Amino acid sequence: MTQKAKEKALNLVIVESPAKAKTIEKFLGKDFLVKSSYGHIRDLAKKDFGVDVSNNYQPQYVISSDKKDVVKELISLVQQSETVWLASDEDREGEAIAWHLYEVLGLTPAQTKRIVFHEITKEAILKAIKNPRPIDINLVDAQQARRVLDRLVGFELSPVLWKKVKPSLSAGRVQSVAVRLLVEREREINAFNADSAFRVVARFFVTDEDGKKHELRAELNHRFKTEEEAFQFLTHCKNGQFTVEQVTRKPFTKSPAAPFTTSTLQQEASRKLGFSVGQTMSVAQRLYEAGKITYMRTDSVNLADTAVSAAVQKIKSDMGEKYVQTRQFKTKSKGAQEAHEAIRPTYIDKDSVSGTAAEQKLYDLIYKRTLASQMSDARIERTNVNITVSGSTYKFHASGEVILFDGFLKMYIESSDVEKEDEEAPGFLPPLKEQDVLGLMAMEARERWTQKPPRYSEAALVRKLEEQGIGRPSTYAPTISTIQQRGYVVKEDRPGNPRKYRLVQLEGGEVKKSVKTENAGAERSKLFPTDIGMVVNDFLVKYFPNIVDYEFTAKVEKEFDQIAVGDVQWTKAIDQFYQPFHNQVEETLEKSERNTGERVLGTDPKTGKPVIVRIGRYGPMAQLGDTEAEDEKPAFASLTREQSIETITLEEALKLFELPRDLGLYEEKKVVVGIGRFGPYVRHDGKFASLKKGVDDPMEISLQRAIELIEEKRERDNKKIIKSFEEEPDLQILNGRWGPYIGYKGKNFKIPKEKDAEKLTLEECLKLVEDGGKKAPATKKATTKKKTTASGKNTTASKSTKAKKSAAKK
DNA sequence: CAGTGAGCGAGCTTCCGCTTGACTT
Numbered sequence: 001m002t003q004k005a006k007e008k009a010l011n012l013v014i015v016e017s018p019a020k021a022k023t024i025e026k027f028l029g030k031d032f033l034v035k036s037s038y039g040h041i042r043d044l045a046k047k048d049f050g051v052d053v054s055n056n057y058q059p060q061y062v063i064s065s066d067k068k069d070v071v072k073e074l075i076s077l078v079q080q081s082e083t084v085w086l087a088s089d090e091d092r093e094g095e096a097i098a099w100h101l102y103e104v105l106g107l108t109p110a111q112t113k114r115i116v117f118h119e120i121t122k123e124a125i126l127k128a129i130k131n132p133r134p135i136d137i138n139l140v141d142a143q144q145a146r147r148v149l150d151r152l153v154g155f156e157l158s159p160v161l162w163k164k165v166k167p168s169l170s171a172g173r174v175q176s177v178a179v180r181l182l183v184e185r186e187r188e189i190n191a192f193n194a195d196s197a198f199r200v201v202a203r204f205f206v207t208d209e210d211g212k213k214h215e216l217r218a219e220l221n222h223r224f225k226t227e228e229e230a231f232q233f234l235t236h237c238k239n240g241q242f243t244v245e246q247v248t249r250k251p252f253t254k255s256p257a258a259p260f261t262t263s264t265l266q267q268e269a270s271r272k273l274g275f276s277v278g279q280t281m282s283v284a285q286r287l288y289e290a291g292k293i294t295y296m297r298t299d300s301v302n303l304a305d306t307a308v309s310a311a312v313q314k315i316k317s318d319m320g321e322k323y324v325q326t327r328q329f330k331t332k333s334k335g336a337q338e339a340h341e342a343i344r345p346t347y348i349d350k351d352s353v354s355g356t357a358a359e360q361k362l363y364d365l366i367y368k369r370t371l372a373s374q375m376s377d378a379r380i381e382r383t384n385v386n387i388t389v390s391g392s393t394y395k396f397h398a399s400g401e402v403i404l405f406d407g408f409l410k411m412y413i414e415s416s417d418v419e420k421e422d423e424e425a426p427g428f429l430p431p432l433k434e435q436d437v438l439g440l441m442a443m444e445a446r447e448r449w450t451q452k453p454p455r456y457s458e459a460a461l462v463r464k465l466e467e468q469g470i471g472r473p474s475t476y477a478p479t480i481s482t483i484q485q486r487g488y489v490v491k492e493d494r495p496g497n498p499r500k501y502r503l504v505q506l507e508g509g510e511v512k513k514s515v516k517t518e519n520a521g522a523e524r525s526k527l528f529p530t531d532i533g534m535v536v537n538d539f540l541v542k543y544f545p546n547i548v549d550y551e552f553t554a555k556v557e558k559e560f561d562q563i564a565v566g567d568v569q570w571t572k573a574i575d576q577f578y579q580p581f582h583n584q585v586e587e588t589l590e591k592s593e594r595n596t597g598e599r600v601l602g603t604d605p606k607t608g609k610p611v612i613v614r615i616g617r618y619g620p621m622a623q624l625g626d627t628e629a630e631d632e633k634p635a636f637a638s639l640t641r642e643q644s645i646e647t648i649t650l651e652e653a654l655k656l657f658e659l660p661r662d663l664g665l666y667e668e669k670k671v672v673v674g675i676g677r678f679g680p681y682v683r684h685d686g687k688f689a690s691l692k693k694g695v696d697d698p699m700e701i702s703l704q705r706a707i708e709l710i711e712e713k714r715e716r717d718n719k720k721i722i723k724s725f726e727e728e729p730d731l732q733i734l735n736g737r738w739g740p741y742i743g744y745k746g747k748n749f750k751i752p753k754e755k756d757a758e759k760l761t762l763e764e765c766l767k768l769v770e771d772g773g774k775k776a777p778a779t780k781k782a783t784t785k786k787k788t789t790a791s792g793k794n795t796t797a798s799k800s801t802k803a804k805k806s807a808a809k810k
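Taking full-length UniProt numbering, the leading residue of the first sequence gets 1, the next gets one more, and so forth.
In case anyone wonders, no lab produced these hints; they're calculated from the structure. Do not take every clue at face value.
The calculated DSSO-like cross-link candidates involving lysine-lysine, where the alpha carbons are at most 30 Å apart (straight line), are [said to hold, decoys possible]:
1) Lys720 / Lys687
2) Lys127 / Lys113
3) Lys750 / Lys687
4) Lys213 / Lys368
5) Lys254 / Lys512
Computed spacing ranges between beta-carbons, pair by pair [unchecked claim]:
6) Lys122 / Lys250: 45 to 53 Å
7) Val695 / Pro159: 54 to 62 Å
8) Glu401 / Tyr501: 23 to 31 Å
All figures in this text were calculated on a predicted structure; none of them were measured in a lab. Glycine is no exception: its CB is placed at the ideal position from the N, C-alpha and C atoms.
Based on the provided sequences and hints, a complete structural model is requested.
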């Protein structure tokens, strides 16, 4: 490539993504060199806000540390080029990227052309090349306003939290609203009072002309409030006659869902494949880089014409002409910028790909959804049946569906979030006609509760944010990860609780009552706000209601639009926002109390001391006794993961003070059980072993079981050391989560995959340590901390990516 | 990385949106 550049790179095209660059280069031929900027190349400086508020909000831009090499290369290529084509996306951010490139690369208007395309097809690219335009500075200004606003909000608000709640917390236009949604939903759930009623379901039978019996399930059109009413109704039915009153048939059609956007892909991958949003994005990224799907960060539901015709071809040849029905979908989400296509297979005739299981499954989803979107409506007939009960005004109701023509259903059926336990998918009905008399097999009235509002899954939260126009396709996954990293939210399974329900059954001419138990409220992989999340949210809602308002983003987006069309100067818009906002910040710093979410639960009956819960330095805690009391210090205990300041009772809090507790002696040393930073544990001889979640209870655990845990832990620790050397006790070969590694003086070093860890000699190990040390010299000054992706655990220390990159090059 | 929770205070944390690798213990 540099070869080509040196010869005659007359035309340098710069796009945002390297995978895109590769594709486009193929379309453009040898006179064009296509390079990537890898997204934004500059950002606001981190120090001093990066915005000079006293100088008309002058932004201080610096080249991002991980983009220095990219910029250097682009600068040298520009010098060898006659024309530079800035081909970043056609949206606010893309325009800004073009402008930053223009500034940083020292381009002139004469040598620069700005081009845009919304799909990566040869026609679209060639057309774009024929229609260049200048950089739209108004659009750039709209982006600067967006960027500066987010910085001002984030960097003024977060320090308020450090002072008033806890260090290292954060607030921002997007994340704070995301947390608010979760907190408000949690409160709705806490305030929810389940109401119950008896739902009556009957199993009837009808005999056809051949004497064959067919079963029919039907539900009563009324739910009884009390068990007595239900009992009376069933008793009445013992001798009742059941007659088909009416049979109606109604045809209707169903249409396929639109092709995937980032948000809908995340939702469906979550529902159908159980992927987290981060997982979905990283799998999609790999498919994209391998050229198998189009760009995965998009808010557009549009398909390129070439893709539609490829889909038509494929549907025709696989399923026949009658399955074809092309459509143009329109986006419904607020603030969509539609710089790309919808997510679809690059080659629509490919119905599967090679790769990991996850890649194959996600591709399959994308393939089917894309094809289905261009397939015929399904035609369905629904049959409704009403059944009268002699001597009663209530009626039973049954419905069934018959698919007359499957259409797109042949390919793809969209899933839904709501699990309605009371409803069954309508199936087939036996042949029935009006005035048929039905026989009764059995009937039951089961107590059912109204359901609490559901907690958000990651993907459901993304959908909600998108609906409100908050956040962008590129930020959904990172936002979800940020609010978890800050400790505002945890993603968890909750087992649910047993709940009794009453049942009245009519069977064999007898009506009987019983009480049974079901499990209620179990949650799988849902987002729960933590106490910190709630306290921070309440603080922000109280002092900055305008910022965490659900409409805030929509409002500022309107301003940005006005800037983009040149009606408003961006610095003016920012000034109008910042003056009052800054006063709000100052006032809050001055007036507001420290917020610890403190709640007084009552007094301990044994000691008469007050019991309170609040957020302490190490998280939510309970406190027994006053801090002001002179004679003795209060006792403290951390809340467990499942407990919350908002819902804990006095009894539960008092229990916490019973820990740590002595279980007895083992090998002449004390065995103690307690709850620590990582949950319940047993301690023995200076070593800790975790209690098994859902199995062991720290209040109940026996000495015998504790010893088991200690022994298991010992076993694991023994396996941890693969090899050690007498000559060098600091060095050990250890067994870790990702396989064997070398531990040396508190640092860890990788063992190359091809080496057998057990056979390594001390010399070889020391060499690996030395090599590893060379690769990562200690440039601890690098202030940019790497964001980890999906898992959200931030365990990495600062690393020097720069040194590694340049080393890898040669 | 584990039984903490006062107060002192240095130095640090933090936003959103565009992009990929790097590489974990």
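| request: List, from low to high, the hint numbers that the structure doesn't satisfy. | output: Going through the list in order, the structure violates hints 4, 5 and 7 and respects the others.
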